Amino acid sequence: MSISYDMYQEQILDHYKHPRNKGLLAGATKNARDSNPLCGDEVVLHVKVDGSDRIAEVKFEGQGCAISQASASMLTTMVKGMPLSDAEGLGRDAVLKQLGIPLSAVRLKCALLSLHVLKLALGQKADVAT
Amino acid sequence: MSISYDMYQEQILDHYKHPRNKGLLAGATKNARDSNPLCGDEVVLHVKVDGSDRIAEVKFEGQGCAISQASASMLTTMVKGMPLSDAEGLGRDAVLKQLGIPLSAVRLKCALLSLHVLKLALGQKADVAT
Amino acid sequence: MAKPAKVMLNVPAIKADFPILQRTIRDKRLVYLDSAATSQKPKQVIDATSDFYSRYNANVHRAIYELGEESTREYEGAREKIAAFIQAKSPTEIAFTKSTTESLNLVAYGYGLKGKIQKGDEIVGTVMEHHSNHVPWHFVKDHKGAVLKYVDVKDDGTLRMEQYDDLLTDRTKIVTVSLCSNVLGTINPVKEIAKRAHEVGAICVVDAAQAAPHMPIDVQDLDADFLAFSGHKMLGPTGIGVLYGKQELFEATEPLLGGGEMIREVHLGSAKWNDVPYKFEGGTPNIAGAIGLGVAVDYLTKIGMEAVRGHEMEITEYALEKLARLKGVQTYGPKDVKKRAGVVSFTIDGAHPHDIASILDVEGICVRSGHHCAQPLMERFNLPATARASFYIYNDMDDADALVAGIKKVQEVFA
Amino acid sequence: MAKPAKVMLNVPAIKADFPILQRTIRDKRLVYLDSAATSQKPKQVIDATSDFYSRYNANVHRAIYELGEESTREYEGAREKIAAFIQAKSPTEIAFTKSTTESLNLVAYGYGLKGKIQKGDEIVGTVMEHHSNHVPWHFVKDHKGAVLKYVDVKDDGTLRMEQYDDLLTDRTKIVTVSLCSNVLGTINPVKEIAKRAHEVGAICVVDAAQAAPHMPIDVQDLDADFLAFSGHKMLGPTGIGVLYGKQELFEATEPLLGGGEMIREVHLGSAKWNDVPYKFEGGTPNIAGAIGLGVAVDYLTKIGMEAVRGHEMEITEYALEKLARLKGVQTYGPKDVKKRAGVVSFTIDGAHPHDIASILDVEGICVRSGHHCAQPLMERFNLPATARASFYIYNDMDDADALVAGIKKVQEVFA
Ligand SMILES: Cc1ncc(COP(=O)(O)O)c(C=O)c1O
Ligand SMILES: Cc1ncc(COP(=O)(O)O)c(C=O)c1O
Numbered sequence: 145m146s147i148s149y150d151m152y153q154e155q156i157l158d159h160y161k162h163p164r165n166k167g168l169l170a171g172a173t174k175n176a177r178d179s180n181p182l183c184g185d186e187v188v189l190h191v192k193v194d195g196s197d198r199i200a201e202v203k204f205e206g207q208g209c210a211i212s213q214a215s216a217s218m219l220t221t222m223v224k225g226m227p228l229s230d231a232e233g234l235g236r237d238a239v240l241k242q243l244g245i246p247l248s249a250v251r252l253k254c255a256l257l258s259l260h261v262l263k264l265a266l267g268q269k270a271d272v273a274t
Numbered sequence: 145m146s147i148s149y150d151m152y153q154e155q156i157l158d159h160y161k162h163p164r165n166k167g168l169l170a171g172a173t174k175n176a177r178d179s180n181p182l183c184g185d186e187v188v189l190h191v192k193v194d195g196s197d198r199i200a201e202v203k204f205e206g207q208g209c210a211i212s213q214a215s216a217s218m219l220t221t222m223v224k225g226m227p228l229s230d231a232e233g234l235g236r237d238a239v240l241k242q243l244g245i246p247l248s249a250v251r252l253k254c255a256l257l258s259l260h261v262l263k264l265a266l267g268q269k270a271d272v273a274t
Numbered sequence: 040m041a042k043p044a045k046v047m048l049n050v051p052a053i054k055a056d057f058p059i060l061q062r063t064i065r066d067k068r069l070v071y072l073d074s075a076a077t078s079q080k081p082k083q084v085i086d087a088t089s090d091f092y093s094r095y096n097a098n099v100h101r102a103i104y105e106l107g108e109e110s111t112r113e114y115e116g117a118r119e120k121i122a123a124f125i126q127a128k129s130p131t132e133i134a135f136t137k138s139t140t141e142s143l144n145l146v147a148y149g150y151g152l153k154g155k156i157q158k159g160d161e162i163v164g165t166v167m168e169h170h171s172n173h174v175p176w177h178f179v180k181d182h183k184g185a186v187l188k189y190v191d192v193k194d195d196g197t198l199r200m201e202q203y204d205d206l207l208t209d210r211t212k213i214v215t216v217s218l219c220s221n222v223l224g225t226i227n228p229v230k231e232i233a234k235r236a237h238e239v240g241a242i243c244v245v246d247a248a249q250a251a252p253h254m255p256i257d258v259q260d261l262d263a264d265f266l267a268f269s270g271h272k273m274l275g276p277t278g279i280g281v282l283y284g285k286q287e288l289f290e291a292t293e294p295l296l297g298g299g300e301m302i303r304e305v306h307l308g309s310a311k312w313n314d315v316p317y318k319f320e321g322g323t324p325n326i327a328g329a330i331g332l333g334v335a336v337d338y339l340t341k342i343g344m345e346a347v348r349g350h351e352m353e354i355t356e357y358a359l360e361k362l363a364r365l366k367g368v369q370t371y372g373p374k375d376v377k378k379r380a381g382v383v384s385f386t387i388d389g390a391h392p393h394d395i396a397s398i399l400d401v402e403g404i405c406v407r408s409g410h411h412c413a414q415p416l417m418e419r420f421n422l423p424a425t426a427r428a429s430f431y432i433y434n435d436m437d438d439a440d441a442l443v444a445g446i447k448k449v450q451e452v453f454a
Numbered sequence: 040m041a042k043p044a045k046v047m048l049n050v051p052a053i054k055a056d057f058p059i060l061q062r063t064i065r066d067k068r069l070v071y072l073d074s075a076a077t078s079q080k081p082k083q084v085i086d087a088t089s090d091f092y093s094r095y096n097a098n099v100h101r102a103i104y105e106l107g108e109e110s111t112r113e114y115e116g117a118r119e120k121i122a123a124f125i126q127a128k129s130p131t132e133i134a135f136t137k138s139t140t141e142s143l144n145l146v147a148y149g150y151g152l153k154g155k156i157q158k159g160d161e162i163v164g165t166v167m168e169h170h171s172n173h174v175p176w177h178f179v180k181d182h183k184g185a186v187l188k189y190v191d192v193k194d195d196g197t198l199r200m201e202q203y204d205d206l207l208t209d210r211t212k213i214v215t216v217s218l219c220s221n222v223l224g225t226i227n228p229v230k231e232i233a234k235r236a237h238e239v240g241a242i243c244v245v246d247a248a249q250a251a252p253h254m255p256i257d258v259q260d261l262d263a264d265f266l267a268f269s270g271h272k273m274l275g276p277t278g279i280g281v282l283y284g285k286q287e288l289f290e291a292t293e294p295l296l297g298g299g300e301m302i303r304e305v306h307l308g309s310a311k312w313n314d315v316p317y318k319f320e321g322g323t324p325n326i327a328g329a330i331g332l333g334v335a336v337d338y339l340t341k342i343g344m345e346a347v348r349g350h351e352m353e354i355t356e357y358a359l360e361k362l363a364r365l366k367g368v369q370t371y372g373p374k375d376v377k378k379r380a381g382v383v384s385f386t387i388d389g390a391h392p393h394d395i396a397s398i399l400d401v402e403g404i405c406v407r408s409g410h411h412c413a414q415p416l417m418e419r420f421n422l423p424a425t426a427r428a429s430f431y432i433y434n435d436m437d438d439a440d441a442l443v444a445g446i447k448k449v450q451e452v453f454a
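In the order they appear, the protein sequences are chains A, B, C and D. Using the working numbering, the final residue of the first sequence is 274, and nothing's skipped along the way. Using the working numbering, the final residue of the second sequence is 274, and nothing's skipped along the way. Using the working numbering, the final residue of the third sequence is 454, and nothing's skipped along the way. Using the working numbering, the final residue of the fourth sequence is 454, and nothing's skipped along the way.
You may find that some hints are simply not true.
[Stated by the list, open to error] The calculated BS3-like cross-link candidates involving lysine-lysine, where the alpha carbons are at most 27 angstroms apart (straight line), are:
no., chain 1, residue 1, chain 2, residue 2
1, D, K158, C, K153
2, D, K448, C, K183
3, C, K183, D, K183
4, D, K183, D, K153
5, D, K448, A, K161
6, B, K161, C, K447
7, C, K193, C, K180
8, C, K153, D, K448
9, C, K128, C, K285
10, C, K180, D, K447
11, C, K158, C, K180
12, C, K448, B, K161
13, D, K153, C, K180
14, D, K155, C, K180
15, C, K183, D, K153
16, C, K158, D, K447
17, C, K311, D, K120
18, D, K311, B, K174
19, D, K180, C, K158
20, C, K234, C, K378
21, D, K183, C, K155
22, C, K311, D, K180
23, D, K180, C, K180
24, D, K188, C, K153
25, C, K155, D, K158
26, C, K153, D, K153
27, D, K155, C, K155
28, D, K188, C, K158
29, C, K153, D, K311
30, D, K183, C, K153
31, A, K161, D, K447
32, C, K183, D, K155
33, A, K174, C, K311
These are calculated hints, taken from the structure and not from any lab test. Small disclaimer: the values here were computed from a predicted structure and weren't measured.
All chains, full assembly: derive it from the sequences and hints.
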């Protein structure tokens, strides 16, 4: 595992400092929240699905480290406008690829927390956070 | 610690195979029982104290190893006829001296069980068994 | 289990892995026949522990730094090895405890006292259980009003299975039984016992302390609901135990120890538990112990548990035959080695078991004497105590011969 | 406690005893600043464990043979060392557990849930406790209807002692408090707290997990009724903990774990307990762990706990001063090193504690980040998490300097 400052690339820090789609979402049809019991990182997702089963709007709230919050921000940009079925099919690899940084096992949990919350919001049971 | 067959000297085996003062004692004025929780050796003592505060009669019952039962047998021969105050003053060294064999820590508990029961019978609290 | 074809392990090679077996006791070769109490440890296990402390000691799970990553990886790796060792469906069905005793208490408290058991519910045990599978259930009786019932043991050392059928009712909620007795060596028909328990809606708790070290275990085949064992009896370190539980039962079980690691959230006066199995691992766990147990499992797996079992059957059969020829010596438990493990309890006429052990000790032979933490069983057989020799992978026919020679010495002393 | 005259231990000599400290992390020197989570181990302790397994491994207490005598002697010898270390009146006041967490649960179950506590009885804790000193008392509340009350923490990290007085009533049965906080470093006035508890007829339970490794403890002077700590935080092995209890309270406490070793007699459905402290040690104990802890205590005693405390005060004072000069860095807990131990929690503006820990890890520096198993305290200070550096005998000013340099790197990344 090559851990270095690569974890804190420009793009990650940018999403962390300037989160996209952060805040409440009036009229959300699906909501979920989870926290990482080991460290307390928290992500809440609000999702609005439109008539043609698309994710019309998505917002997140949360607190935690750069990795968990940047990954939540990036995830919202990823799924906004996505057909529900695609979002349901979203796996950890896709998310990690978009993050594009080396991660240790503990930090992996930070990175995947928002995906886990998305699955909860969509009523899926898959445990992706480990 | 020099452990050897010395532990099973003639005298010990003799007391074990031919215990003195074994049995019930009608009219006993003091009785006590204890067992060694680690191994289950058991000794019961029945003591009859006469008008001049002497141990007029003493009997034991019990089951257990040669060391515990021989030592009980020897103890009864030791205290029979003894003034109560002397019996109360009896310490572990006196008992071990009479046994006269090398003993490891675990077997020491076997050897001292009967003294412990004597102390119980005499209403003393001293824990000699360790 | 069919008796495997004559298999003897390469004992000299195995002995070479165990530093303590190079030791002499008062100038005599050490003949260690007390593995049922605790096993000896190969250098692989000893070194794994030292290596942990010397290279990557750190607390698990919450550390972000490299050392913590390494210790967590090894600790969780051990969990995976153990899951595979007993054919659990998933590592999440494995909780680390400090011993079989803690594992069984965890079930008694978490599923019984603090859990599902109500007044009048029935718990069926057996007369041959170790105290660790008796006393925790007393707690459930004393605090919840559960009713305890016991399956008796026949003179041949096997369970009275007809009686078991009679004891089961629709109030039976828990059946608890040892897979292998630590006094008689009896291997109990746990698969059958679990099946009948399930038929009346009860769960089956298995004490595998004497089984996990000595024979293959398949929790799915047994259909055990909980299964407990200790590391120190299977080449592993002291202070580490295992509780297996079916996922859904683990989820339905309350934790025993409250504290760090086992929570998701704590507030003043309330808390939410972490996921299984972590909710059962309150406090800093025995990290070195778990890692050492993982290496012990590697060692056993490399030999193969079928081969371990076969080896012990050979020695046990040999020892039982030799002992049967000695006048004034009685052995207990099934005579057929297919029905028993390598735990051989015996008595000698005229010599108390402690004296047997003391005299064997003079000869460098380690056996246990006493009630073996199984007083109800001793009462059943009307025995104050027995001596007990138990075999493991590092024992061979020479050790059995040494035992027989030692017994003859005992008989001379007490002639 | 007065601040000892400038004492610095001979750190290079001490470091040489700790094999792990010779290690590098990605080519950087290992700077271990997480001893509050778990300490590193000197080779004396590592070797004691290997030596046990290599030379005299045997189960304790019941074995008649030589190996068992030796292991029992060393195991009980460790108990005596620990009794002397905390000034207990007798080794019978020392029970071995697996951790502080088990020790505190033992008291909560044995004195609370299964013991003396009745509906409406009050238990007073504090907001700064570790989860291990919160959750066990929840059990007593949930199962016995006890009422839990908490002493608050002031902004300066000390307890609101006036409020404590108000919380005490004649229904108060237990007061439970940490001697030293694992987040703030605060050393609480336990002697005073115990005195007031005793005045209303309550007992005082002390969590000494962060104190026993770092300062002299005299249980008689504190007049603590129970006191708990862990071996792994004080140079000892993982999986071993201690519960001290006053003799008469030990006797009045029910056991937590039922099983072997802890009984005097077992019958079907009933049992009599063994003497204290054995009745608390059900099951095969962590023998290697206890022996290793005994050697750790030897190591600390040789240095002298006054000297350990003095050394840590020096580094802590130095580190606090350096950190105070960094803009955008906050530290928590008392500023006066006489009132605190060498646990330094801090935050950096704009950087989350996990990111702090990750970046320090790149530099080879191990610090912890998160809620430190003290969520109620974090809520009180309205902090989601902190980073925490903690010092021990093998740390020196260079390590404090490395921390400061590391923090500057973090600030650069998040500038
Ligand atoms: C103050 C305090 N109490 C209790 C504990 C729990 O100790 P352990 O995890 O060894 O049971 C800790 C350590 O994490 C602690 O710092
Ligand atoms: C059958 C059985 N059950 C339970 C135990 C208890 O194991 P431990 O002492 O490791 O908790 C033992 C070992 O002594 C045993 O033989």
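Requested in this report: Take the C-alpha atoms of C:K193 and C:K180, compute the straight-line distance between them, and say whether it is at most 27 angstroms.
Outcome: OK: C:K193 and C:K180 at ~26 angstroms, within 27 angstroms.
Query raised in the report: Taking only the CA atoms, is the gap from D:K153 to C:K180 under or equal to 27 angstroms?
Result: holds, 13 angstroms
Query raised in the report: Between C:K153 and D:K153, does the CA-CA distance stay at or below 27 angstroms?
Result: holds, 12 angstroms
Report task. Would you mind confirming whether the straight-line C-alpha gap from C:K158 to C:K180 stays at or under 27 angstroms? Result -> holds, 8 angstroms
Report task. Measure nothing beyond the straight line between the CA atoms of D:K448 and A:K161; if it is 27 angstroms or shorter, mark the hint as holding. Result -> At roughly 18 angstroms apart (the allowed maximum being 27 angstroms), A:K161 and D:K448 satisfy the hint.
Query raised in the report: Within 27 angstroms, alpha carbon to alpha carbon, are D:K183 and C:K155?
Result: It holds: about 17 angstroms lies between the C-alpha atoms, which stays within 27 angstroms.
Requested in this report: Compare the distance between the alpha carbons of C:K183 and D:K183 with 27 angstroms, and conclude whether the hinted pair is satisfied.
Outcome: Between C:K183 and D:K183 the Cα gap is close to 13 angstroms, so the pair holds against 27 angstroms.
Query raised in the report: Are the Cα positions of D:K448 and C:K183 separated by 27 angstroms at most?
Result: Not OK: D:K448 and C:K183 at ~59 angstroms, beyond 27 angstroms, violated.
**Report entry** Agreement of D:K183 and D:K153 with the hint, judged by alpha carbon distance not exceeding 27 angstroms
**Finding:** Within the cut-off at roughly 9 angstroms; holds.
Query raised in the report: Taking 27 angstroms as the top limit, are the C-alpha atoms of C:K128 and C:K285 close enough?
Result: Within the cut-off at roughly 8 angstroms; holds.
Query raised in the report: Do the alpha carbons of D:K311 and B:K174 lie within 27 angstroms of each other, as the hint requires?
Result: holds, 24 angstroms
Requested in this report: Take the C-alpha atoms of D:K188 and C:K158, compute the straight-line distance between them, and say whether it is at most 27 angstroms.
Outcome: violated, 32 angstroms
Violated hints, listed in ascending order, are 2, 8, 10, 16, 17 and 28; each of the other numbered hints is respected by the structure.
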